[in-house]
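Taken in sequence, the protein lines are chains Y and F. Going by this note's numbering, the first residue of the first sequence is number 1, and it counts up by one from there. Going by this note's numbering, the first residue of the second sequence is number 1, and it counts up by one from there.
Heads up, a few of these hints could be off.
No copy labels: a pair is met if it fits in one copy or bridges any two.
Capping the alpha-carbon separation at 20 Å, the derived lysine to any residue pairs in SDA-like fashion look like this [as the list claims (entries may be wrong)]: (1) Lys288 <-> Pro125; (2) Lys26 <-> Ala128; (3) Lys62 <-> Ser342; (4) Lys285 <-> Ile4; (5) Lys291 <-> Ser66; (6) Lys3 <-> Asp380; (7) Lys291 <-> Gly328; (8) Lys52 <-> Lys288; (9) Lys285 <-> Tyr394; (10) Lys335 <-> Lys364; (11) Lys398 <-> Thr277; (12) Lys365 <-> Arg155; (13) Lys3 <-> Lys202; (14) Lys291 <-> Glu371; (15) Lys202 <-> Ala238; (16) Lys30 <-> Ala127; (17) Lys335 <-> Asp245; (18) Lys291 <-> Ala127; (19) Lys52 <-> Gly355.
Please keep in mind that the hints were generated in silico from the structure rather than gathered at the bench.
2 protein chains.
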Amino acid sequence: MIKIIDGGVCAAKGFLAGGVHCGIRKNRTKKDLSLIFSELPASAAAVYTTNKVKGAPLLVTKKNISDGTARAIVCNSGNANTCNADGVMIAERMCELTAAALGIAPEDVVVASTGVIGQPLDVTPIAAALPSLAAGLSRGGSASAAEGIMTTDTRMKEIAVSFEVGGVSCRLGGIAKGSGMIHPNMATMLVFITTDCAISPKMLKRALSTDIESTFNMVSVDGDTSTNDMVTVLANGAAGNAVIDAEGEDFSAFMAALNTVTVNLCRRIAADGEGATKLLECTVKGAKDEKNAKIIAKSVICSSLVKAAMFGSDANWGRVLCAIGYSGAEVDVCKVGVSFVSRSGEIEVCRSGAGIDFSEELAKKILLEDEITIAVTLGDGEAESTAWGCDLTYDYVKINGDYRT
Amino acid sequence: MIKIIDGGVCAAKGFLAGGVHCGIRKNRTKKDLSLIFSELPASAAAVYTTNKVKGAPLLVTKKNISDGTARAIVCNSGNANTCNADGVMIAERMCELTAAALGIAPEDVVVASTGVIGQPLDVTPIAAALPSLAAGLSRGGSASAAEGIMTTDTRMKEIAVSFEVGGVSCRLGGIAKGSGMIHPNMATMLVFITTDCAISPKMLKRALSTDIESTFNMVSVDGDTSTNDMVTVLANGAAGNAVIDAEGEDFSAFMAALNTVTVNLCRRIAADGEGATKLLECTVKGAKDEKNAKIIAKSVICSSLVKAAMFGSDANWGRVLCAIGYSGAEVDVCKVGVSFVSRSGEIEVCRSGAGIDFSEELAKKILLEDEITIAVTLGDGEAESTAWGCDLTYDYVKINGDYRT
């Protein structure tokens, strides 16, 4: 039984967190340095952007957690430390400084950065702030840590759940930053998850790699894959359950808890996409297989025309069909059905690949809500998939176009 | 020697054209029915959208030109005749009516439609208008025909060239519609090209299929592939050259003329993309092979973040690097160089995958122009490619989002 609880990345036993303004960002009211610490050694797993241009912190993190363990996560906002000649050296220095402040080894530090690309990252303010940040870490620090990784996110994103593994109560929680933009960089998605569930590095990696295929990899704000995306999980075993080191009931329970947290964070990231006024969800049912279901869900959620129509609360199902048609998926377009769903109701607009009469008035009412599901049914099989995105708005253009004018 | 000349689709000998308002569109000042006619039998070739949802007219056209010949092109705007149960029957009826008005066989008619999807197309106004449209066809009718296929295009698009094949002067010209939006449909690209050069259906098909790979397939306004895209060429041989029926010097001369016209139309379509204020061109040089060059050029031109930055005249090279990195192309990102070029000058902003000092003032001046080239150099080989697109603006969102609100 999975229950939503408070505490974010500090909900799990043995985790402390905090965030401060150290001076990378000019606005003193914006936190720009966050730290998460496990009081016990922890299994660690991470997944990284597939962009060939990779931020220096990702390269250092990859090396540091190659042994499957880590104890701390340090992350700054305001500078991505990417495309800099000295980037790796600076990222390693951040690990050393964090390790010294916490009394752990530099190889046990996960490092991340988000913000400006191609501008040298001065480590001085980080060095100055880390000792007091480390000293001030607390069980109540998750929200501060969540704030410290925000760029132009409008809302802090944290979530935690409790669940049972072999009769033992465990906790798992995460914080995330979504699509914020800091000149002259692109959006970055960062997610940090902690759990006190005992799980081997190998199974933790398997759980994360499996989960992201149907969660973070199914989110799109604007189709641009960042250079600095990263999802990291630390699992310190403080809950006292028998270590999960193989598939089975316990692993499934862990996967379910992880999925609850990641889906929640996906929805928050999508809803807080740049300029977004609406969370869009596309559910695909009846696909030939999961691969085709995913291709279709993602094609619909990525379509600029679908996104703009949703901004205008326009029941423009032709654009949904068009996006299905060019997705590259194996699909019989003559069997496609489309409905729009929100808390104001549900309306079927397309059946068997052709339009049907529907009430424009009811459609408008449904689409004026801020969470819209585009429900696609195919007649090709039993597979399903869900993707998340947001509408395309004037503010998206403003944030990304008018930035310096 | 290729020379730009007047006359559009009527520049080639033996072609007549015209366009009228027949009543499909409510606005009486907008033409909505166009006709192009070859006085002689002509070789015909066409390429169609790869969208699995295909407009009914495309299916009928494909059947009609399966013998490699056609004599007329009829096209309406205001209704796409797509996703309609009776779509094929209506498209066939349009061919019959056109054939009757011109005294040719229905199988020699190419039919196209653009506009509303999923709404039945009433053939009555077309039937009423065709006899007088056919009777009024003229050598001066290209501009009228170009207007009749426009939807929300802001500019009529026509171009023609003269060239020599085996010492004989030939002409080739085209009209196009770009990305206009008519509720509730998506954009459609239609291109009709005529030539009096004598060329076999087989070689005409080869010329067109080869050419579009580096022209129309390298244009993107918003990444959404329409259901009704089509490019058609009619070649009636009126110039009197020896029929081109194999590769060689004559075929190369024809290809060069065709490419001059198609590149010109590509640029016009991109520049007149929905809401566009700027034509964007991405040139990629030094790629490993042509495939990788194309993938990179297209990834840059399709990036919402690059497009929005260009709207804001922001020299945001990090977004260009990001788009190269996630393109999926084989590329050594450490060797990438980026410059921005316009009629106001040229500025290098990235070398060897890292930023270099540059004058923000000069960059701004260059990017404030309405035709921008993003010049990407790789160090991976000798292959090149060019892609065309436009900036992402408030008006794109307005046209596609606010349509009914």
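Hint numbers not upheld by this structure, sorted from lowest to highest:
1, 3, 4, 5, 6, 9, 10, 12, 13, 14, 17, 18
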